[in-house]
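**Q** Given only the sequences and the hints, what does the whole structure look like? Please build it.
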Amino acid sequence: MATSQMSRPRAPVARRSRPAPKWLTGYALAAPAILLMLVIFLYPLGHSFVMSFFRWDLNSAESPFLGLSNYTDLFTGTSFGQTLRNQVIFTVASLVIEVVGGMAIAVLLSSKLRGLRPARTLLLIPPMVAPAVVGLNFRWLFNEQYGLIDAVLVRLGLPAIPWLSDPAWALVSVIIASAWQNTPLLVLLFLAGLQAIPREPLEAAAVDGASAWRTFWAIVLPLMRPVVVIAMMIRIIDLFRTFDVVWLMTQGGPGNASNLLTVEAYKLAFQSVDFGHAAAVSYVALVLSLLVLALLYGIPRLTSGRSAWQA
Amino acid sequence: MSSALSRRRFLGGSMALAAGAAAGSFLTACGGGDSGGDTEINALLITGGDRYPAYWEKVTSAFKAQTGITVTYDLLQFTPLTSKEITLAAARSTQYDVYSTHTAQIGAFFPHFEPLNNHFDAADLADFFPVAIQYMTNPANGELAAIPRNMDSRTQYYRRDLYEAAGVQPAKTWEELVTVGQQLTSGGQFGLVLPGQGDPAQRQFADFLWQAGGDWLDQNNNVTFNSPAGVEALTFYRDLIQEHRITPSDVVTYQWNENSAGFTNGTCAAVFDWPGAYASFGDPALSTVSDTFATAPMPSHATSASCAISHGLAINKYSRNKDAAAQFLKFTVTPDALVDQYAEFKNYPSRMSTADQVIGQAQGMEQQWLSDLRTTIENGKEWPKVPGFDKVSTVVQTAVQNALSDQMSPQAALDAAAAECTRILQQSGALR
Amino acid sequence: MAGVTLEATRPAPVRPRRTGATVGLVARYVVLVLTVLVSIFPLAWLLITSLRTSDELFAVPVRLLPSTVTLEQYVTVFTEYEMADYVWNSIVVSLATVALVTVLALPCAYVLARFRLPGVKVVITVLLIMRMIPVIALAIPLFSVFSGIGLLDTVLGLVLTHAASKLPVAIWLMMAFIQDLPKEIEESAEIDGAGVLRKLVFVVAPLIGPGIAASAVLTFLFTWNDLLLALTLTSSEAAQTLPVGLTNFVTQFGIDWGPMSAAGVLMVVPTLLFVWFAQGYLVKGLVAGAVRG
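Chains as they are written, first to last, in the numbering used here: chain A, 1 to 311; chain B, 1 to 432; chain C, 1 to 293.
No lab work stands behind these hints, which were simulated from the structure alone.
Worth double-checking, as some hints may not be accurate.
[What the hints assert, rightly or not] Chain A regions said to be covered by chain C (calculated; three or more residues, Cβ under 8 Å):
# : region
1 : 27-33
2 : 87-94
3 : 135-149
4 : 240-246
5 : 267-278
Ideal Cβ positions, reconstructed from N, Cα and C, are used throughout, including at glycine.
**A** What follows is the structure in structure tokens.
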């Protein structure tokens, strides 16, 4: 094995003078994991990408090349525009709720409070619960006949809310379920980030008599920016992949009122039996999330570049 | 463009025919040895409740005793079953020899199911309801893709106690559906429950569309579901929910399960449901209305049409055991098997002779129900089985839901859907 | 609101002297209690639902507490559904995935952290992008591949797929931990004559134990929770997992909310166990991935 060449005793110099075996060792160690991922995912990815330019369903004995028509069809069809709009609303609203809410809660909780340790333990639960359970559970909570939430509203003398049957509320409902699951995750990430902030600038600000609000904006938030950006990246990736919760709560309905890109892809594949268009939707989702990520990744560099310029 | 498409379809079709013929001759060549004692076939079968596993165990062991052929099987419920068969067909899988299937989805599978015309003789097929055979047949080539096991047509189930107390009769017309429903709607109690989501919403729209005198496509496959009849149907459907408010307000989230549950839990006084519901409504373990429900024919408008579709079994075109699979198919649709299926689940027999036998043996309300249902089946309809119609279905489902939830007017929703469906049918070659 | 953030980031709590500070403290406790309540209540409701009789599920008005506590829903899921199979498959698939991921991810992460090899950046980028593909895009071709090689509806097929999909995150996580190790330790091991593999197993692995544990816990839970892959790749109780079983309660004749809640509670049990016994690793894993990513 390649490793045996590495284990020549007491000859650290040889390691530098003979780099080739080390490369070999490196590739050999990395290969199994990479090979498994390539075999399992790269071929299916390539296949579905190529087939997104063909007619791909069960009816055609052969699959004619269509060029970009699977993609252009999406934009002339009746449902994709609304789905895209929903995806934007869902992504932006979820991000705002989760990041702002998560940051607010984290900041409030970051001082030493009694009961904070068990609270943090409990906050770990929602992000780790299966999305399928979350979806079905919220569908039950939001049920307009037997659900708890409307029952409580009515008991309080408020009107019952048509959570899942009203087009506008349906999207709100899935945003609530998703935010319930993921806001605690961001609280935990931000808490960890806040603990890593150096004390000196904060103490200096306190000495200068800066208000807490200003300290937060001027010192805490800039120091937290890397954590916030990474947290947003993680969430954006997952928000563009959200399926279980929406499928089990509303199936994207009523109509397309809470339809998201992955739900649309699922419907196209398993209801329309139209794998070509389903693949096209999936790749649109991928490209969109990459674009958003690139934008997000670019913003800190842009702003830091400008502040450097100003300095 | 269209001529290129049609030539490709023609070539594709003839290639499929050639392949089918080759497979057929191969089968006859080695058919004798195929059904020997140690033959084993795999089946993907339907389940819909806790009694199905025992039922299929009984059927397959009886089949084994008679033929020596072992049937190993997996059970899935209706929706996951369809999704699974879509992926299996896409992979041209040989894993299963026999698939459980349904008229509603059969269109997507025509190229993947073995034509059964060679395996069943015409005289035997003549005993099945003609509508059942017709809608399991590929209109493009006349090949039968699946053998019907039990008919799915809907019945108007209603609460005898509530109707008597209010002094009303089950609705015979759309107008009566509204007036009766209004009389029975008050304080958490609703006159009617309907499904309003997904494929069930399309099924309900289809019934209203036919009852209004409309249809999906014309003879040349031009889209006609946005005709005045279609708009009238969807408007009526929406108004039951949004205008007359005789259904629970959240029916746009209901599929079949919530639809049935609305009746069995006693909140809704009437429901349109499948034959199997007769068994579950009457089962005190599953239903609070087991002693108080009764049946009536479906209400009518311009026509009295409702759907006549069926569950069936098909043979995987890529199966290596087609003869043994065909024997299993025949075994599951013998008159005895259909009588047994009725006894187990109230599944309506797909053979006319068996239906008559079952009607003759039943009594009272059950007999009336069965013979009403026979009439519904004989006049029953189904949406067209042309290439691309699965995509049309998804588009229509969304349009129907858009109208039901007041996001679009029925006219606008159907017009938009019709434009998109026309393009889909052109792309698939069904429409030129 | 004022005074809150500043104190929040101070190391030591300041004894409240002014009313404003007291109000701030009260407000923080209110937020703490509310956050915890909102996070826990939906799951508590699931538990309550699972302990009701079937009749009471559809009681109007909704009762907060069950009039009689019963385990009938739990009995139902094991007697009338293949729940034992689902649970067993979920355990086997999740544990096997953890084992495979750990064995494969550690050497790969080590190479990424310590070797300057051409193509490393490409691999990292590809790994990240792979995480972003909607699974549905892979479903049909993956199904075809597995169908061709006989891995459909098998535990092995499910394990391989899950391992491949969880590997990027596990590698990422372990890499972050390895990068934090002082290189001197490894170099001294090298001087002692240890080969790369031995060094990895006997020196590096123990030192990044928390990282490996964190990756194992996350891999287990994400595998345990997955619905879409299992739904696509399985069709019988030979390989169907709990989330697939969960969707089986949505039957043609009604959503069985009672048994479904019971199954849902069973699904949450490992989450609770890990949160209780391994919360440190869980937080480490989640934070390491994010803060150092």
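**Q** To test your reading of the hints: which numbers does this structure violate?
**A** Number 2 only.
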